[in-house]
Amino acid sequence: MGMVGQSLERVEDLTLLRGGGRFADDLAEPPGCLHAAFLRAPVAHARIEAVDVSAALALPGVTTVITGADIARETKPFLSGVKVDAPQFPLAVDRVRYVGEPVAIVIARDRYRAEDALELIDVRYEPLAAVIDPEIAAGDDAPLLHNDAGHNVLHERRFRYGDPQTAFAEAAHVVETTVRYPRNSCTPIETFVVLAEHRPGEDTYEVTANFQGPYTLHTVMARALKVAGNRLRLRTPPDSGGSFGVKQAVFPYVVALGIAAKLAGRPVKWVEDRLEHLAAATSATNRVTTIRAALDGQGRITALDYDQLEDCGAYLRAPEPATLYRMHGNMTGAYQIDNLAIHNRVVVTNKTPTGLMRGFGGPQVYFALERLVDLAATRLALDPMELRRRNLIPGEAMPFTTTPGAVLDSGDYAATLAKAVREGGLEELKQRRTAARAEGRLYGIGYAAVVEPSISNMGYITTLLTPQQRQRAGAKNGALATATVSFDPSGAVTVAVSSVPQGQGHRTVLAQVVADELGIDPGDVVTVTDHDTLKDPWSIASGNYSSRFAGAVAGAAKLAAERLAKRMKAIAAPDLNVPIGDVELVDGLARSISNPDNVIALVRVAAKAHWSPLSIPEDAGAGLRETAFWVGRELREPDEQDRVNSSGAYGFIFDYCGLEVDPADGSIRIDRYVTAHDAGRLLNPALADGQIRGGFAHGLGAALLEELAYAPDGSFLSGTFADYCPPTASELPELMILHDQSPSPFTPTGAKGLGEGNCMSTPVCIANAVADAIGKPVLTLPLTRPRVLELLGESEPADPSPPRPAIITSSGNGHALKGNGSHIVPASPEEVWAVILDPDHLAALIPGCHNLERTGENAYRAEATLGAGPVKGRFTASVTLRDLDPPRALQLSGSAAGGLGTATGQGEIRLTPVEGGTRVDYFYAVLISGKVAAVGGRLLDGTARGVINQIFTRLADSSQSQTEPKTETMPSLRSRLPRWLGGAP
Amino acid sequence: MRYLTADAKHPVRFILNDQPVEGNAEPRLLLTDFLRREIGLTGTHVGCEHGVCGACTVRIDGASTRACLVYAVQAEGRSVETVERLAVNGDLNDLQRAFRRHHALQCGFCTPGILMSLSQLIDEEPTADEARVREVLSGHICRCTGYHGIIAAALDVLAERQAGRHV
Ligand code: FES
Ligand code: FES
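Top line first, the protein sequences correspond to chains A and B. Taken in order, the first sequence gives residues 1 to 985; the numbers are from this note's numbering. Taken in order, the second sequence gives residues 1 to 167; the numbers are from this note's numbering.
Hints listed in this document are in silico derivations from the structure and should not be mistaken for laboratory results. Source: prediction; values computed, not measured. Just so it is clear, CB atoms sit at the ideal spot from N, CA and C, and this is done for glycine as well. One should not assume that every hint holds.
Rough simulated footprint, nothing fancy, chain B against chain A, three-plus residues with beta-carbon under 8 Å [claimed, not checked]:
1) 22 to 29
2) 188 to 197
3) 238 to 252
4) 682 to 695
In silico EDC-like pairs for lysine to aspartate or glutamate, Cα to Cα no more than 20 Å straight-line [claimed, not checked]:
5) A/Lys476 / A/Asp639
6) A/Lys818 / A/Asp921
7) A/Lys476 / A/Glu640
8) A/Lys608 / A/Glu584
9) B/Lys9 / A/Asp110
10) A/Lys608 / A/Asp575
11) B/Lys9 / A/Glu115
12) B/Lys9 / A/Asp116
All chains should be built: construct the whole structure from the sequences, respecting the hints.
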């Protein structure tokens with residue numbers, strides 16, 4: 001029996017389970033290796049007036065500090081997909097355009113020292129107006145990010161296929177909606193790692209990085225470093241701790257560290273930390289889409305019209321604006337729709353630049369399309385599934401060319417849908433809905449039908465050019481994948497591919513594919529997963545993205561193994577004394593098909609080829625190594641009419657789920673989730689299911705939990721894993737997975753990609769179910785509890801606290817921190833009052849207070865060091881007391897500023913005599929921006945509570961005991977964080 | 001209580017995976033950095049350095065502990081176990097084997113920490129049910145697997161050990 005199609009256990013796990021993985025940060029560092037840390041912009045938009053690095057350089061252990069001026073001198077700006085005057089370098093040159101943008105690099109003996117030195121760099125910023133909202137940024141009077149570009153909209157194109165205008169004019173129904181897809185990120189658990197060396201003699205850069213491709217970016221990096229491609233030797237480590245597209249964005253750091261190594265004259269290593277990653281690594285695009293559909297009286301969709309405003313953040317970082325075009329050929333989804341209009345705009349805003357992300361463009365498109373299909377069903381009073389069924393592309397039409405040009409390779413969508421309905425128990429869910437509703441509960445069912453593209457056409461991005469521009473630039477097409485298979489003299493087989501594994505089980509699957517062709521045990525195959533651009537075959541499409549592994553990369557390995565098998569047969573045939581057509585490779589033997597007793601061990605065949613190359617038939621060739629390049633023949637460049645087959649294969653997914661919304665707290669309980677996939681041939685079903693489950697977890701996170709949030713002033717608000725919340729085991733429901741397997745006629749293995757599909761289907765499926773449950777449109781994500789409450793028309797429960805100062809008019813800038821409480825202090829109101837008004841006494845009560853002085857009547861100035869989670873900094877605060885009503889009440893207001901950001905706020909304190917002392921009621925409301933805002937609600941709220949508790953504890957009892965830092969014993973989740981912060985040193 | 005000076009290195013001695021180790025550490029050096037960089041055991045991974053992701057989990061005197069929240073000097077005199085301790089005479093232990101059987105890992109970056117937390121659970125709460133397994137796991141973030149295989153593996157080992165088939 002063949003190995004392909006079996007759920008073999010993974011060869012990778014034998015090492016990984018022992019902690020023996022060789023991840024980027026585990027590799028040996030060269031002698032003398034130094035360590036880098038990045039200084040990053042605390043504000044979203046500002047001119048850099050001056051950078052003073054002298055104090056940082058004076059710190060012992062610091063060797064070099066690199067600023068934008070060095071980078072501008074040493075590098076060329078990065079190429080991007082759109083030719084506009086908006087240059088981008090790996091460090092900000094004279095302006096910062098998003099919070100977290102790198103401003104300087106400190107290189108020091110170790111990371112701790114490098115971070116110490118960051119605090120000593122003095123950067124003077126001249127603030128500029130920031131713009132976060134893509135619709136505002138696209139307006140003519142918005143603050144400009146790139147003055148020379150003249151506008152924030154850096155790309156605009158309209159497409160028309162068929163005759164959408166007439167279709168809309170003649171439609172029986174027109175439905176329209178506007179949706180906003182948020183920013184999120186797949187946040188692999190391993191962060192970015194780069195280790196760079198520069199060899200001045202030959203001006204060569206040698207870099208090891210957990211970069212994932214596409215290697216199109218190798219050209220971008222080499223050009224930025226001002227060297228030819230063969231002088232940037234880029235190596236990737238054997239193991240990578242997840243990527244999901246994200247590690248494409250390592251590339252600017254490859255250049256930054258290359259220059260760092262050059263200027264420091266030593267090897268330099270950088271390991272990104274999680275705060276840097278969340279704030280500044282990369283993000284999915286957020287997109288505003290207005291979508292319209294024309295329908296006839298029978299519910300057939302006759303035309304679609306998309307208006308897409310794509311927000312790529314502060315710079316168009318290569319390969320953006322690819323997110324917007326990746327889906328171009330399949331913008332009609334799973335449906336046969338003959339007329340299509342698309343209006344695309346790409347806008348820059350003061351947010352982190354975007355890039356590859358699992359689902360890449362799919363979540364944005366399907367959130368619009370599949371929401372609209374549901375709205376259409378409501379309008380036509382049709383069952384949403386019935387409406388979908390009426391519009392699905394029929395199985396007999398495959399391969400089917402869509403209106404915008406995708407060649408959908410295989411599948412019977414209606415059959416997969418029917419299977420999902422039957423085997424997933426849709427009827428039962430409907431009964432549960434009826435029963436729940438009869439009890440007044442909010443139960444809903446949602447659907448999503450999705451075409452999942454894989455193996456990106458290297459030419460799809462050129463759809464953004466006009467046909468004339470494309471003509472001038474020259475055609476771009478195809479997607480080369482490459483693999484090398486060899487027999488060594490001992491008869492052992494080695495496989496190498498130009499893909500960078502990130503947990504998909506490359507080594508296992510390639511062994512299965514190659515073992516079948518060569519008739520050997522997959523356990524005997526060794527697959528090399530590290531890659532070296534100087535020694536290993538690769539091309540621009542190389543890398544691990546667009547779900548190209550199973551179809552393209554494993555396909556190339558199959559081709560290489562086929563060729564090698566043919567040669568092994570040619571060598572064996574004379575020894576077996578049979579014609580080559582009578583030789584098969586099986587069980588490690590070359591065997592005569594007609595006389596199975598006539599055999600020779602492959603080990604001997606291989607040895608002969610190595611030891612006696614003159615003794616083998618000439619047409620068997622020399623050297624037992626085959627490198628195959630596979631290119632999808634259907635991946636043509638866009639045609640004159642802008643039709644493009646944007647991907648090499650297209651899977652189909654039909655999802656539905658039943659869920660219940662709790663109106664009391666806005667929580668969502670998923671009752672059942674069914675996902676049916678047709679991804680062609682499954683090479684290893686267990687690994688395929690693993691990919692689906694992983695994609696589902698990302699989809700669920702995007703639907704319910706995850707958002708890279710910004711305040712309108714550009715402050716970043718999701719800076720830790722307590723603020724940016726990937727789902728944990730308590731949030732993930734069980735998933736029912738169903739498969740159909742319609743082999744792709746276009747890939748060598750018959751396989752298609754399947755790891756991204758649920759990132760496309762799950763967010764909108766859940767949104768549709770929530771809309772069904774609550775009877776209100778769902779137009780954005782994630783569906784967090786407060787957002788669900790808002791949709792239900794209930795705002796968050798009102799604050800019950802009595803004292804409340806004049807309302808803080810939050811313009812929504814930064815992070816709003818609010819709190820109130822009361823404590824009993826064993827002293828009379830008069831005594832408490834005296835303490836509050838006495839600077840010396842008060843200073844002793846405030847944790848971290850170095851200095852507190854009176855600067856005027858009822859005005860104070862304080863210096864304090866406060867830590868909030870992983871960040872800590874010194875602040876200077878001025879506070880004014882007002883409306884003093886001794887010893888009963890006072891109001892205070894003030895502001896604070898420090899390296900970590902700024903804060904303004906006010907509060908109120910009331911003293912009431914009670915039995916045993918005084919009850920102190922307090923209320924505060926503070927707006928925080930800058931780095932500390934990124935640490936976000938939970939940590940800041942916890943910190944504030946911690947500080948206030950300490951003040952009252954000190955007030956109540958001056959015997960303050962120093963708690964020894966305690967080791968954490970139970971991993972009881974994020975709820976532990978405030979506790980941890982309370983005890984933080 | 002030892003008094004430590006901030007910018008000097010201090011000797012640290014503890015038991016690591018049954019063997020005594022010693023090294024020098026500044027007081028602020030995290031246990032993760034000490035294990036990975038001073039000792040050279042890179043199985044303990046760092047995913048967040050702020051106590052949420054669980055990738056760095058080790059066992060200190062038997063208790064699962066986030067090594068990114070502990071200073072190396074705090075390990076003084078304790079017994080620390082890392083993922084490298086799990087295999088028995090070079091063979092994967094029952095939990096590791098169950099992980100492989102149930103495809104409980106993909107990239108494997110979160111895995112060492114999860115193995116350490118689940119080891120404690122299995123040692124100390126042999127009757128733990130799925131809800132309890134999920135609760136313990138909720139202190140870890142895995143971005144690859146959706147947790148399904150991890151839960152199945154843990155339940156499988158709990159059942160095996162209950163049935164007395166523990167090796
Ligand atoms: S690295 Fe320690 S919990 Fe994330
Ligand atoms: S296996 Fe990759 S993060 Fe868990």
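How the hints compare with the structure:
Taking a C-beta to C-beta cut-off of 8 Å, the segment 22 to 29 of chain A contributes 3 residues in contact with chain B, enough for the three needed, and the coverage statement holds. Evaluation of the coverage hint for the segment 188 to 197 of chain A: fulfilled, as 4 residues show C-beta separations to chain B shorter than 8 Å, against a requirement of three. Residues of the segment 238 to 252 of chain A with a Cβ under 8 Å from some Cβ of chain B number 5, which satisfies the need for three, so the listed coverage holds. Residues of the segment 682 to 695 of chain A lying with their CB closer than 8 Å to a CB of chain B number 6, which satisfies the three-residue condition for coverage.
Among the hinted pairs, lysine 476 of chain A with aspartate 639 of chain A is consistent with the structure: their alpha-carbon atoms are about 11 Å apart, no more than 20 Å. Using a Cα cut-off of 20 Å, the hinted pair lysine 818 of chain A and aspartate 921 of chain A holds, with the two alpha carbons roughly 14 Å apart. The straight-line distance between the Cα atoms of lysine 476 of chain A and glutamate 640 of chain A is roughly 14 Å, inside the 20 Å bound, and the hint therefore holds. A C-alpha spacing of about 18 Å is found between lysine 608 of chain A and glutamate 584 of chain A, which places the hinted pair at or below 20 Å, so the restraint holds.
For the hint pairing lysine 9 of chain B with aspartate 110 of chain A, the CA-to-CA distance comes to about 14 Å; that is within 20 Å, so the pair holds. With a CA separation close to 11 Å, the supplied pair lysine 608 of chain A and aspartate 575 of chain A stays within the 20 Å bound. The straight-line distance between the Cα atoms of lysine 9 of chain B and glutamate 115 of chain A is roughly 18 Å, inside the 20 Å bound, and the hint therefore holds. Restraint check for lysine 9 of chain B and aspartate 116 of chain A: satisfied, since their Cα atoms lie roughly 17 Å apart, inside the 20 Å limit.
Violated hints are absent here; each numbered hint is respected by the structure.
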